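*Asks:* Single-letter residue listing:
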Amino acid sequence: MFKRKYWLVLALLFVMFIISACSEEGTETNTENEGEKETATATPAGPQEIRVRVNDDPDFLDPHRATASLSFQQILNMFEGLFLPQPDGSLTEGLAESYEVSEDGLTYTFKIRQGVKFHNGDPLTTDDVVYTFERLMGLNSGEKLSKNFDNVASIDAPDDTTFVMTLKEPNSNFLYSLTALQSAILPKSNDGKHNENPIGTGPFAFAKYSPGTNLELKKNEEYWQEGLPYLDKVTFVYQSDDQAAVMNLLAGEVDLTGVPGHRVAEVEGSFNISHQNNNSSLIITFNEEKEPFNNLKVRQAINMAISKQDIIDSIFSGYATPQGSNMSPAMGDYYLDGLQDVYSFDVEKAKKLLAEAGYPDGFKTKITVSSHNDMYPNIAQIAVENLKQIGIDVEIETVEWGIWLERVYFGRDYEMTTIDLTGRPSAYEILNDYISTNDNENFFRFKNDEYDQVMADVLKETDREKQIEYYQRAQEILTEQATAVYIADYEILWGSKKNITGLKSYPFWFHDMKEVKFN
Amino acid sequence: MLYIFRRLVLFIVTVALVSIITFGVFQILPGDPVKTMLGTEADEVQIESLRKELGLDRPLHEQYMEWVQGLFTGDLGNSIRFSMPVSDLLMDRLPVTLSVASLALVIVLFVALPLGIFVAKRQNKLSDVLLSSATQLGMAIPSFWLGMILIIYIGMNFDFFKINGYVPWSESIAGALSTLVLPALTIAIPQIAVKFRYVRTSILEQMQLDYVRTIRSKGLPEKIVMYKHILKNSMIPILTIFGLITAEVVAGTIIVEQVFALPGVGQLLITSISYRDFPLVQGIVMYITVTVVFINFVVDILYSVIDPRIRLR
Chain A
1 MFKRKYWLVL ALLFVMFIIS ACSEEGTETN TENEGEKETA TATPAGPQEI RVRVNDDPDF
61 LDPHRATASL SFQQILNMFE GLFLPQPDGS LTEGLAESYE VSEDGLTYTF KIRQGVKFHN
121 GDPLTTDDVV YTFERLMGLN SGEKLSKNFD NVASIDAPDD TTFVMTLKEP NSNFLYSLTA
181 LQSAILPKSN DGKHNENPIG TGPFAFAKYS PGTNLELKKN EEYWQEGLPY LDKVTFVYQS
241 DDQAAVMNLL AGEVDLTGVP GHRVAEVEGS FNISHQNNNS SLIITFNEEK EPFNNLKVRQ
301 AINMAISKQD IIDSIFSGYA TPQGSNMSPA MGDYYLDGLQ DVYSFDVEKA KKLLAEAGYP
361 DGFKTKITVS SHNDMYPNIA QIAVENLKQI GIDVEIETVE WGIWLERVYF GRDYEMTTID
421 LTGRPSAYEI LNDYISTNDN ENFFRFKNDE YDQVMADVLK ETDREKQIEY YQRAQEILTE
481 QATAVYIADY EILWGSKKNI TGLKSYPFWF HDMKEVKFN
Chain B
520 MLYIFRRLVL FIVTVALVSI ITFGVFQILP GDPVKTMLGT EADEVQIESL RKELGLDRPL
580 HEQYMEWVQG LFTGDLGNSI RFSMPVSDLL MDRLPVTLSV ASLALVIVLF VALPLGIFVA
640 KRQNKLSDVL LSSATQLGMA IPSFWLGMIL IIYIGMNFDF FKINGYVPWS ESIAGALSTL
700 VLPALTIAIP QIAVKFRYVR TSILEQMQLD YVRTIRSKGL PEKIVMYKHI LKNSMIPILT
760 IFGLITAEVV AGTIIVEQVF ALPGVGQLLI TSISYRDFPL VQGIVMYITV TVVFINFVVD
820 ILYSVIDPRI RLR
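As they're listed, the protein sequences go chains A and B.
Okay, so the first sequence: first residue is 1 according to this note's numbering, each after it adds one.
Okay, so the second sequence: first residue is 520 according to this note's numbering, each after it adds one.
Hints listed in this document are in silico derivations from the structure and should not be mistaken for laboratory results.
Only a predicted model underlies this, so the values are computations on that prediction, with no experimental measurement involved.
Glycine included, C-beta positions come from ideal geometry on N, C-alpha and C.
A couple of the hints might just be wrong.
As the list claims (entries may be wrong) - Below are the DSS-like pairs computed for lysine-lysine, each with C-alpha atoms no more than 30 angstroms apart in a straight line:
no.	chain 1	residue 1	chain 2	residue 2
1	B	K571	A	K147
2	A	K188	B	K571
3	B	K571	A	K193
4	A	K447	A	K466
5	A	K366	A	K352
6	B	K571	A	K208
7	B	K742	A	K144
Stated by the list, open to error - Computed spacing ranges between beta-carbons, pair by pair:
no.	chain 1	residue 1	chain 2	residue 2	range
8	B	E567	A	K168	20 to 28 angstroms
9	A	Q309	B	D678	39 to 47 angstroms
10	A	S371	B	A535	31 to 39 angstroms
The whole structure should be built from the sequences, with the hints applied where relevant.
*Replies:* Put into structure tokens, the structure is as follows:
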């Protein structure tokens, strides 16, 4: 009698474990067993497979829908536009072999490069180029995916190798809308599947995406730039914690990762450290429609009261370049030097300005920061300590990233905040956040007639020297108006194994694996 | 049979209530999933396009009813964050979580049970005092700290153990074990501490009862007294705590997965919450709920097998 019940108990326990096991087995049968194919080609010694640590998943694999910098950091290896951005921020011909602009600046004629193939083997044709822009502009059944082409009056492909775009108004910045960041050329035959099975013309093809885990890319054997790429496989591994990522590097589980400044010392003996200007602008900014931030003297006082060097030394261990306006030295000629010293740290002068503004005893306010990166709460703490010295009592409110976006960035319901504005290859796109009519991005509520005029005029100007003058004047205006506290462009420090070469630094987030190899 | 039926009804009611509560809570939470996903670089065209595609522009009751309908066909909807079916994401993650859970449970079972029995037989002796103190420590250690200690002292010093990531079983059994042993230990050690104490206490309680004195006076061997009588009668509370541990572990060990960067269900839950990815949150919560309630259901059935008197209630 007892024995029968014992067996029943055992049977039930066994069933419980079987249920667990069944889930595993079910999944295992779906796993692809990709055998390692041995290539007989003469490749450099060592494995040609790299594991790159990235903070998070892309938002989309479809380049027309992706918006996060972090997405392009990875997927730009798969896609190309008519033009290719370069590390110095300039553009070179990509899928457009050459181009001409009409006298009136309205008509752009591109010669499409021949012999290029998509990852699925299809040749690149003008049909694909037309399809790409129709998709972005929402010209067929779909939704409009981008407003970058609102100024395009028409597109046309008069013959097999020619693509023509006609603008409504001249725009000297237009070519910057034609890189893979804005208009990656996609194959028409892949319509409807661009996110689940992305196909492009880039040096690497999509292999597999494991959400939350990694993105695997494989070599494009038929890449149009002969001999490239060197790597057979690229894996972007997701790890949101910087400390854990450094441990992964030390343990040999990733080959390339960002390294926080304070851990450079323990990494640099065994690994290469390369420095990249982020080309971002780290700012502490204000809602300029709210009192007292609508007062220029108050903003100037805050600029002088906050020590950029304290922030640079404490948070970035010195690895940052101070700024005085919304432009990084990474932008080369467009950058106007000297603005970083206009509001030197000076507590006494700051107090005086505050008194002149009508706040001799200071005031009380709040800074709202996102918790998704330790950097922001840390910066807020230093700023708060600095501002105490001139009588400004600031409460720190730390919120989740999603709430920061909803309330601060889109909702404009804030007094002070801190964020870094993403780097872009185009000087115009870096500075256009502050145009008063750019409601989408002008979360500072900055309004300045001269600024708006300068930014409008620069689009009509085709001479580069004059363009540079306009962009530099725009930077000056932002400094004169103390629009924000422009702290720095902090460096991204990349730790990589010593036998890796070919890494490039772009003025925006892009892990270009095209020329990377192990020696 | 009535007992089983009553438990089944409770099962269904619990699952239904949890789904309604989760849906309701999610509507109250601030934070827009579309804006969170697209970030500062998005413009209104992209925001509206994505919102429409995800069906977030439709009335709440419509969204909920559609989800419930999908549930009955195994369709949990699409993840906002990952643009993939929720069921696919869960199926990718379950092997990881269940592997860690199973390994941890095996460790707990084979350590806590024998240890509890061993110590109960030696009440107030030195080994009892030492082990009870050690388990006190085991209960007090937070799992994230324990995880880090294991990474630093074992993971970094023995090449066998991987400190991050996951290797599928289909790829390499040794590889899978190398990524799972440390996380499983991190889960198991505190649970051993809890389980051990329950086993010890439960057996000690039984030892105080009259029937034990009676069967000893009949001259039965100590082994039979311990394993055939005392242990059997101790099973109700032991089974209770074992069931709780199983439910807790199988439902996803969020902290441990985070520390070891294991791509399991728990880690997925954190990601989905921070992105306000409602379909994914609801899918995971549903999985956890069904799992926990099912395990409790099984435990209840086992109760009636072990102790027939319960069947009569």
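*Asks:* Confirm or reject each hint.
*Replies:* Structure-based check of each hint:
Distance hint between B/K571 and A/K147 is fulfilled; the C-alpha atoms sit about 17 angstroms from each other, no more than 30 angstroms. The straight-line distance between the Cα atoms of A/K188 and B/K571 is roughly 23 angstroms, inside the 30 angstroms bound, and the hint therefore holds. Proposed proximity of B/K571 and A/K193 is supported: the alpha carbons are some 18 angstroms apart, at most 30 angstroms. Annotation: proposed proximity of A/K447 to A/K466 holds, straight-line Cα distance about 24 angstroms (limit 30 angstroms).
At most 30 angstroms may separate the alpha-carbon atoms for a hinted pair to count; A/K366 and A/K352 meet this at roughly 22 angstroms. Distance hint between B/K571 and A/K208 is fulfilled; the C-alpha atoms sit about 27 angstroms from each other, no more than 30 angstroms. With a C-alpha separation of about 78 angstroms, the suggested pair B/K742 and A/K144 falls outside the 30 angstroms cut-off, and the hint is violated. For B/E567 and A/K168, the hinted distance range of 20 to 28 angstroms is satisfied, since their beta carbons lie about 23 angstroms from each other.
Our hint of 39 to 47 angstroms for A/Q309 and B/D678 holds, since their Cβ atoms are close to 44 angstroms apart. Checked against the hint of 31 to 39 angstroms, the C-beta distance between A/S371 and B/A535 comes to roughly 35 angstroms, which is consistent with it.
Checked against the numbered hints listed earlier, the structure breaks hint 7 alone; every other hint is satisfied.
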